Amino acid sequence: MEEKEELLVKRAKRGDVSAFSELVRRYERYVLNLVYRTLGRSEDAEDIAQEAFVKAFLNIKKFKEESKFSTWLSKIVINLCMDKIREKANKEENLEEGVWLTIPQSSYYSPEETVERLEIQEWIKKAVMNLPEDLRIVFVLREFEDLSYQEISEMLDIPIGTVESRLYRARMKLRSLLKDLKTLEEVTEKSEV
Amino acid sequence: MRCNEVKRLLSAYFDGELPADKSIEVKDHLRSCRNCAKELESIEKIHRLMGAFPILEAGPYFESQVIERIEGEKRKRRFSLGLKLAIGFALCGLMLFLITLRYLPSGDVTLETTPVLNTYIQEYIETYSGHIGRSNPGLIVSVSSLGETSR
Chain A
1 MEEKEELLVK RAKRGDVSAF SELVRRYERY VLNLVYRTLG RSEDAEDIAQ
51 EAFVKAFLNI KKFKEESKFS TWLSKIVINL CMDKIREKAN KEENLEEGVW
101 LTIPQSSYYS PEETVERLEI QEWIKKAVMN LPEDLRIVFV LREFEDLSYQ
151 EISEMLDIPI GTVESRLYRA RMKLRSLLKD LKTLEEVTEK SEV
Chain B
194 MRCNEVKRLL SAYFDGELPA DKSIEVKDHL RSCRNCAKEL ESIEKIHRLM
244 GAFPILEAGP YFESQVIERI EGEKRKRRFS LGLKLAIGFA LCGLMLFLIT
294 LRYLPSGDVT LETTPVLNTY IQEYIETYSG HIGRSNPGLI VSVSSLGETS
344 R
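Those protein sequence lines, which keep their order, are chains A and B.
For the first sequence, the numbering used here begins at 1 and goes up steadily by one.
For the second sequence, the numbering used here begins at 194 and goes up steadily by one.
Read the hints as simulated data drawn from the structure, not as lab findings.
Zero decoy hints are in this set.
Derived DMTMM-like pairs: lysine to aspartate or glutamate, alpha-carbon spacing no greater than 25 Å straight-line:
hint: 1; chain 1: B; residue 1: Lys267; chain 2: A; residue 2: Glu28
hint: 2; chain 1: A; residue 1: Lys64; chain 2: A; residue 2: Glu22
hint: 3; chain 1: A; residue 1: Lys84; chain 2: B; residue 2: Glu264
hint: 4; chain 1: B; residue 1: Lys200; chain 2: A; residue 2: Asp134
hint: 5; chain 1: B; residue 1: Lys267; chain 2: A; residue 2: Glu51
hint: 6; chain 1: A; residue 1: Lys64; chain 2: B; residue 2: Glu266
hint: 7; chain 1: A; residue 1: Lys75; chain 2: A; residue 2: Glu65
hint: 8; chain 1: A; residue 1: Lys62; chain 2: A; residue 2: Asp83
hint: 9; chain 1: A; residue 1: Lys88; chain 2: A; residue 2: Asp44
hint: 10; chain 1: A; residue 1: Lys173; chain 2: B; residue 2: Glu210
Given the structure is predicted, the values throughout are model-derived calculations rather than measurements.
Kindly produce the complete structure, drawing on both the sequences and the hints.
Shown next as structure tokens:
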């Protein structure tokens, strides 16, 4: 039977690495994809996700258990991702907004207007990565992690009104970027016909 | 409610984050306004599209690599703590030694039994008394008196 998460956390707080190892097993996919959706890079996502777990273990005594372990862990991941974004920004110039839109339409739309699944995925990823960092983080936390406005507000230390307006702006931007893209259901329907 | 206001609230409406009264107002508006209903549809479409965002799978050694990194970090911390303690003890020892040296009575037995150390201290005092003396003559008195003691 699976051991309860609270017990694992308590054991990990006493320095029990095997208990923490079980927490890693349960959350590795979640953390890895949160990093990936926030930074958009698959090549170092695993390395950063591991770094987040190491930080979590070293700071687990500070976890007061007032929130869910996953929320506390997400906060560590988001802070780490923000550090990485800042580091990267210092190293190289930011890409100009809308650069990805220069890809010719013919490369993702076939003459028959059917879109390959992988191409859709790639376009969606690029659209999300094209959002400014502050909008993207809020969008990822809401859309993929399903956090409430209150949780996002606490995690990022911003007012709920800011969460609401950033989400609105993120969606408006995505709407214009993805307006011509078909959903996977539409593609599937079309290819079945 | 006007369209502009409704459009601004649609995102929170979609997330179920509007207060009940506002939510009812938006819902009523959407029944009669095709434009705003289309806006809501586009938000729903974005949500559906996000279902196609690529998903990564962790490698087979992810967990063991995390544990390895944790152990490495623990070793580093232990070493750093040990180093700090060692430096602390060494500094305390040195201070005790210097204090003892300062208050030793003349013709001290300990110094006679350790000629190597004695020579070293004498050289040290001579070097520094000369150096300090050039910039602060008042200090020579105390250092040279220490030197005499050690002799």
